[in-house]
Amino acid sequence: MSADDDMREALDTFVTEARDLVQQLEDGLLELEAHPSAAETVNTVFRAAHTLKGSSGLFGLRHLVQFTHVVETVLGSVREGDLGVSPGLVSSLLPCADHIGAMIEGLAAGRLEPDAAQAAEGARLLAALEPYLPDGQGALATDGADPAGGDPAPERAWRLSLRFGPDSLRNGMDPLSFLRYLASIGTVSRVSTDAAALPAAEEMDPETCYLAFEVELLSGAPKEEIEAVFEFVREDSDIRIVPADHQLDAYVWAIRAMPESDRVGDVLIGSGVVTELEMTEALRIQQEQAARSGTQPVPIGEILVEHGIVPRPIVDAALNRQRKTTESRSQDTTTIRIDAARLDRLIDLVGELVIAQSSTGLRAGAGEAQGEVMRLVDEVRHSALALRMVPIGTTLRRFERVVRDVGVELHKEVSLVITGGDAEMDKALVERISDPLLHLVRNSLDHGIEAPAERQRHGKSGQGTLRLNAYHDAGSIVIEVSDDGRGLDRERILAKAVERGVVAAGAVLSDQEVYDLIFEPGFSTAETVSNLSGRGVGMDVVRRNVTALRGSIEVDTARGVGTTIRIRLPLTLAIIDGFLVGVGSASFIVPLDRVTECVELPPGPLGRDCMNLRGEVLPFIRLRELFDIPGEPARRQNVVIVEQSGQRTGLVVDALLGELQTVIKPLGVLFSRLKCISGSTILGSGEIALILDVGPLVADHSEREHLLRARPAA
Amino acid sequence: MTTRELRRVALDGELTIMTAAESKERLLTALPGSGGLRVDLAGVEEIDTAGLQVLLLTRREAESMSLPFELTAPAPGVAAVLALAGLTTAEEQ
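Protein chains in written order, with the UniProt record's numbering: chain C, 1 to 714; chain D, 1 to 93.
Read the hints as simulated data drawn from the structure, not as lab findings.
All values reported here derive from a predicted model rather than from experimental measurement.
There is no bait here: all hints are sound.
Chain C side only, calculated, beta carbon under 10 Å to chain D, not exhaustive:
1. SER168
2. LEU176
3. SER192
For glycine and all other residues, C-beta sits at the position ideal for the given N, C-alpha and C.
One chain only, chain C, in its complex shape (with noise of 0.2 Å):
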């Protein structure tokens, strides 16, 4: 096929309608399980099966014909009504539309075939559907999974590192004879005797074990039943079960061709590369390094590579999927579906500007135009920005998948109640906090709503809730994810911030304080790590984005009755109400919704950095000094008041030059480690200022401060 450009549009095109008919099988096939009789529904879902059979005709890809084929012939049955709905039916079908997405991804990444991997998948789920086959209807099914099916599970070549315990021999445990039973599940082609750690003659202990071994394995067992020879010696041996070197590329390419995944460490177990044991093992020792040096966690692929699990080819191909998955993210921002009427409204008042800016041209009434022509620049700016807002509604809907799905794993019953979908927010920002969203609600279904069981006997009905709402609030959207369940454990999460050394033993904390503390790096009240939650990427990682969004995350939590999480966004990102203040020759923009009030820096020499303010202190940043400006402080200092997390700082600067509506300007790479800055903008006089990123300001100094407090008292 050639892939000219007309080609490749038309390709663009389906792959974006075919990305909305898996969303609407999708939605239809969640919609069918719950009204499994909804005939409106069924065809839909039939609907949506057929066209994308109809187009992927039309573009020459067989295998999802053949797939689609299958999935649309068990729906016919259904819309005929010879078939009914029931949910192992929607649990087989589910996947399937899983599936299509994934091919359509491909194809979005220019792969035109399914690769090994997901031709197995098709071919597996394809076996689920069998019995919902009319009779000889499934044999285009099994001619299209034929080429993939046959082969369940191709050998394949580990190295294993076998390094034994001194006492292996004295308890009993003779490493030849885990060789010899080594053969048993694959042919070992290769060993080697490593003797260097053999001690002189007269050293030596010839009951303890000294050597070790180097084996290559060729296999058709996973690597877990391989791991598993070595069960009882895996305590005080260290063994090491790498793929052999020469088949790296076949799992860097296993990797590539894998569906998309966030989680580094879900790729690696996914290809088979490791295993869960190895996986949580790494996990731990990630924890405990980043406990004992206080810094942030080592990413796990270098875990995984210095304690050689994985071979550095196969984290690095890891790494790149993911960052695929994160990029293709991305890109999905680069096109945007917008409203045609608001599309016309802006081109619209672009028209009206034109002719305003014209008629400022003539004599009269020059100034009145002048009027006309700023208001519309304001509409225009306004609609403008309008044009990036989404309602968020269609987010919070993918929930209800991951509401199903995790209901289903954890034998829960949950329902989802979203409310206010219809608020609407930037769409880049939509995107951005679809993931924290995501491990708010995987959260709340782990550990917050209860097992029905034990529901009932706190007196609740056994079916949980989950409630996503949404809604403006003052210049900001707010997006709360609340549950019925079991509330925070205050007295657990206390202790453990006490274990931790988060906090000091016997400090006395607030509710509000207690529970802010489930934010803390590495806090995970967790007492088992299960699939979904407690994995290390904890509520620090959400605050962080929520953070990074120039949002904020509380949490409102009542014992056995439930507990919300509340982020709170602005609108957009790309315009801030902004604070001008200047300093020397600098001007610095200060974010508007953190001033609470502007004073004169009293005069006559200060002591400390500390001023008073109606009977209580402040202490005050003099960003002259804390940026290094040249030149003499003006006579007349003012103080910019800041609120941070509800601590009150003062900001000391030569002028308070008003409020602005700022458009942010990133700053370049090379300043993207600063701190205390968070972007520039451009004045009406073409002078750059920098926008003052409050946060990091106010903790930066009071950590400084503390330095210099402590010293004296030392």
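Given the coordinates of chain C, assemble chain D onto it according to the supplied hints.
What follows is chain D alone, placed relative to chain C:
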């Protein structure tokens, strides 16, 4: 190549953790003053990692004294284990 003769040591029974200390003693004391060792394994019925280690240790010691070290006549099962560790027998050389 050497002027002196290889000293012959015959091991028999099992060459395992049960006998490892004894075997180590025998082999290492036989080494000094000899023209090298020829270890006759014909009587060895069983070998494990401990036994293998002792042989490897003896070979290393012999090498450090620049003495030859040979293994002869192992039973097939024993030969297979020796091959794992890269210990070849005299007949094959």
